[in-house]
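Colleague: So the chains spell out like this:
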Amino acid sequence: MTVSIPPQGLIVDLITPLRNDRTLDGRGLGRLLDYLLPRVDGLLVASPNAGEGTYLDSARRLELFEMALVVVRGRLPLLVWITQGTEEGTTETLLRLSKALERRRSYGGPVFWVDTPLYYHSNRGLPALYRDMCRMVDEPLILYNDPGLIKGLAKPMKRRDIRTAILKELVQLKQIVGLIFLGTLDRAHNYQRACRERKGFSIYDGDESHFLDHPSRSGVVSAGANAAPEAWKKITGSSLPTAAAPKSDPEYLQRVWDMGKYVQDLKDVYGPMPAPVIKEILAARGLIETATCAYPIEDTSAAKQKAAAWMARYDPEFTPTAPS
Amino acid sequence: MIIEQAKEVLKIEAQGILSLVDRVGPEFEKVVELVLAAKGRVILTGMGKSGLIARKIASTLNSTGTPSQFLHPAEAIHGDLGMVTRSDIVFAISNSGRTSEINTILPMLRKIGAKIIGFTGGIDSPMAQSCDVVLDVSVEREACPLGMAPTASTTAALAMGDALAVALINRRRFNQDDFRKFHPGGSLGERLSVRVKEVMLTGARVPMVPLGSTARRAIEEIDKKKIGATLVTEADYTLAGIISDGDLRRALLRREHIHRMGVEDIMSASPKTIDQNKTAAEALALMETYGITHLAIVDANHRVEGIVHLHDLLGRKDFRLDDGLNSTARTHR
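If you read the sequences in order, they're chains W and A. Position 215, counted from 1, in the first sequence is what my numbering calls 777; the numbers after and before it change by one each time, with no gaps. Position 322, counted from 1, in the second sequence is what my numbering calls 1064; the numbers after and before it change by one each time, with no gaps.
Hints listed in this document are in silico derivations from the structure and should not be mistaken for laboratory results. Errors might be hidden in some of the hints.
Straight-line C-alpha distance at most 20 Å; calculated SDA-like pairs for lysine to any residue [stated by the list, open to error]:
1) W:K761 / A:D866
2) A:K749 / W:N752
3) A:K753 / W:D748
4) A:K791 / W:Y814
5) W:K761 / A:K749
6) A:K753 / W:H751
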């Protein structure tokens, strides 16, 4: 088994385009991916944040994944959130997706399975769980630590974060290659210490604000990049250690500063629930058919107003234009 | 909010340095050996803030006995490259390893024949591939919003430079004379290079009791002179022993009635002594070797001339010389 190197830089937390009847908008997904692919370093599909993954059952995730495989054609690393409400559900989803990938042997691109273990399992016994998972599939795994998501569960686990000592054990498994991190920076420091001995292990900022304030070297998983990939790409490019940007050039720095304000304003607009507002923006640009979300929203006018206000606020040169 | 942000930045920078600890390995040793074996100088180069770090490391290396010089990469291609010889070691500092000015001069440096050491966070970068040895100074996170200025990464490079300088000092057994030579104005070098006679207590300030005295008298003397010990002497002031706070403590722990005892029952015989013409650094080394804080100063006949305490050597405020180093032994309050 050869473990793919996890991507570095900007990973877009892809929204899940839906039609009014909440079936997948395949053509919208195609247009959106064609638009995003040249501008990002990786794609996270069906995430619990912008991807509304918690509302997508195993079958819909499979459908979304297969569509993404067709459009991406191995050009970018593809990250897929596999977590369901139970260990059995998660395992079943993982196996279904893995089989779908196996059927497309010609795909060729790197695929990573992303899992939020505390969504269905306590810290106790996680290493054993992942040893089993690693035996089930060949593809590498990326952990997803999101205390906010766990807090929102009807019966949340006692702990909302993966324990640092457990993480230290998990990173011994070569098939686990990274972690998408949401939480406090103090915990991020502890996690970094826990993973220090594992070379090439990536810790991505799952919280865009963290990345904007104190950029990490692996990169960011960004919901805002659906709507503002150019700006996010510039910011990520400026922040990563691989950047050879002219950081002493005042004009360049001003541009990065303006871009930072632009994406921060976008983040302030969509807040903790990015899908409705971002979908409104993308629908207004004609990239996706509708702004329909996977979960019921009684009044969409607020999201519409926020999206319109943000789009009207900025100089058109900043607003990336959709391809015709 | 501001205080929290400041704390956050400090934590990130501290983490950046801590993360280097595990990465110090055989490459670091190789760099130290290369520098020690080099017949030329150490040349440091870097652009922007990395250039400033390179300048600081060059300064630290110069201060600690490794001849070093800064080479501006942009000036290098306009003639300054002439300063580099094949016997030199070049340290190139770039967080990304993609700084074009650096990567432009590396092939020329290689042609000259100088060894090239890279300080970089981009271990797969073009710069890293052009170096003989690469020290990984990558950090997990920068402290500056939007990565507009390198922060934790430059701190890490600076710390690695200090680690190198200290390792070189130790390998060369850099001593206090060298320190004095390179830091004529430095307060630590100055302090350690003074003679013991310039900082020792003399005359009535020396805590001293004659043999045959009671332990009570010794305690009173220790209390009065306030340096935590008293010397014990023969009638002609020949040194016989020393009683420190530690000796008293140990006697008490033995549940002995020390008030009824004589000083000879408590004292440490054969106390450590030093000649008054030795340097403070030598006195300090002696104290460190034996784990003590006092040294008696005696003449050729082993007669007491004074006493010196660790704090005198390090410049305790109470004992600080007010009238410069040329004064004789200072008074003790």
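Colleague: When the structure is checked against the list of hints, which entries are broken? Sort them ascending.
Modeller: 5
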